[in-house]
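Using the hints provided, position chain B relative to the given structure of chain A.
In order, the protein sequence lines correspond to chains A and B.
Take the first sequence: its letter number 283 is residue 283 in my numbering, and every next letter is one higher.
Each number in my numbering corresponds to the 1-based position in the second sequence with 443 added.
No lab work stands behind these hints, which were simulated from the structure alone.
Each hint can be trusted.
Okay, derived cross-link-like pairs now, SDA-like style, lysine to any residue, Cα gap no bigger than 25 Å in a straight line:
(1) 74/A with 530/B
(2) 9/A with 553/B
(3) 544/B with 391/A
(4) 478/B with 120/A
(5) 273/A with 440/A
(6) 544/B with 12/A
(7) 164/A with 109/A
(8) 517/B with 63/A
(9) 435/A with 516/B
(10) 249/A with 514/B
(11) 103/A with 479/B
(12) 65/A with 535/B
(13) 164/A with 255/A
(14) 435/A with 545/B
Every beta carbon over 12 Å from chain A, so not counted as near; a handful from chain B, in silico:
(15) 536
(16) 537
(17) 539
Simulated restraints, written as ranges between beta carbons of each label pair:
(18) 244/A with 563/B: 32 to 40 Å
(19) 495/B with 370/A: 48 to 56 Å
(20) 125/A with 555/B: 43 to 51 Å
(21) 525/B with 395/A: 27 to 35 Å
(22) 478/B with 107/A: 13 to 21 Å
(23) 285/A with 555/B: 39 to 47 Å
(24) 221/A with 525/B: 52 to 60 Å
(25) 304/A with 559/B: 51 to 59 Å
(26) 495/B with 325/A: 37 to 45 Å
A quick note: this is a predicted structure, and the numbers were derived from the prediction, not measured.
Ideal placement from N, C-alpha and C gives every residue a C-beta, glycine not left out.
What follows is each chain in one-letter form.
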Amino acid sequence: MVDQSEVEKAGIPTVTASSDQFEGLARNTVKSIGLPDMAFVIVPHPMGMISLQEIRAKADEAFPKIVQLATQWKPAGSAVQSAAPLYPAERIKFKGTYVALNKMFYDRGWSIGLPIIPPTPEAVMAMLKGTTHNPAEVVWSVPPRMGQLTVELVAAYGVMAGCKPEHMPLLLAVVKALSSPDYDWRGSTTTTAPTNPIIIINGPILDELGIGYSTGVEGGEMPVNVAVGYFINLVGDVIGGSVPPEIDKSTQGSRGDLVAVVVGENEKLNPWKQSYAVEYGFRPTDNVVTAFSAYMGNNNTDHTSVKSRDLLNTFAAGIAGASSGITSCLTQMDKGYAVTNRVKFVFVFFGPEHADTIFNEFKTKKAVSEYLVKKAALPFWMYAPDLCKPPKEFGSYDENTLIPRFTGPEQIRIVVTGGPGKQSQIWPTFTTVTKPVSVLIEK
Amino acid sequence: MRKHHITFLSTALIVACFLIVSAFGVSQDTYAASKVQLTVLDPRGELFSTPAMPINTRLKTLEGKKIGILNNTKPGADYFLPYLMQVLKESYSTIEFKEWKISYNEYPNKANDLKALAAWSDAVIGLLGD
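Bound conformation, chain A alone:
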């Protein structure tokens, strides 16, 4: 709809055939971008992966309405949205039990169903002491609802999620990363895919704030990690409006849509010594947040391989098969999103023991990535139709030819995290993400 709206703004009338399951999202989107009267023809879902006969029947049914909307139709006209002061946020008086308070928040769409800590003015003021930013500053128009996230509301959501004033710089850096066009928050939170916000934290801030990076890093009992992960989804669902089923279309949802995945890198046990942030241009003393949207991850539980290559081969299997069905072959990091360039990077979260085994032979992370780029391949027949179209330079191939998913080492990103045990994870990026976003955390 964003694309059609650009065409309308260019002075050209448009008609959009929309799947009925996406009508709510479509109308919400056009309202948020100031074109509430755009013309829609609603077509029964789905429009893809059905027989040609069914597609034609749907097109036949839509045809008269398309013609009508293209030629005769005049919308009734919508009211102009009125401006309202952003700061300070409205105050609501409440009297009752905490159970009733939580119910009120959920019923009003102010929470996602988990208990919250009430954002009282006193608690929010205390949170704001953690930053020098002006509370009235707008740091993000959160898609798709385009709610205005002020610094005051960052503090409010921080309170609700259980964050502390000293977490404010981290929260503001997280917001900055998620709001980058490269992350594609709108696409990630309105897709049918099970996306998870992934946050990686580097730097001295890990120990300063007690951010988890060892055993159980993605689980509970990590108060800071969990609070930040909860904060992210409160922002996304409440102020961003990404609520199922109307707006958040995720077919099955994901756990990261409840509490986002927030990990610290285990810099102390990283055998390559170079942290992810340093690898990508930051100083060891910098505190850095890296964010990307990911499909569901999978894990590597290789307890058998003793040699580095044997272990990396099992990782290659996991990388090749990650987010199956949506992946293209021979993807390139510097090329934009296209049908033949989907899911163009993965992150590998090596547990320290796996990292140590790999380090025995592969002394740099780049060497690891280069090996995996060659090995992470699928036979042609395993790629979904139209997603794998090797160029002429690749040479001849048949359905059994192994064709790599990636072409460059920068597409396989490495982070060491977690505690003892032979466990690692593979997180493939959501298909429209341009690149991971790394942001310096302000002091």
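What follows is chain B alone, placed relative to chain A:
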């Protein structure tokens, strides 16, 4: 049963009833004591204030018009749109089509592609959904 046994049992029953009623009363008091009175912020945030823009005037007819087709590259688009064009052509023999395949987050040419689509077309048909 001897009289003093009956008296004892009656007294025990009365005491038991009293204790039960008292316990219920204490629960109510505890429940009442957990009520709070406080002020909270509405966290929803005001909506981005965009003036509502009227959409463009519709064409009087499709005959002789140039219709841009915005293919969002989702599954089904490559079947739905060609058939739609075929059906439209059967009704409007002088209609002309040109298709642009533009993925949602295509980079870096998307803005230019959309401009080209708008520049060529008298009207545009697009798709939304999977």
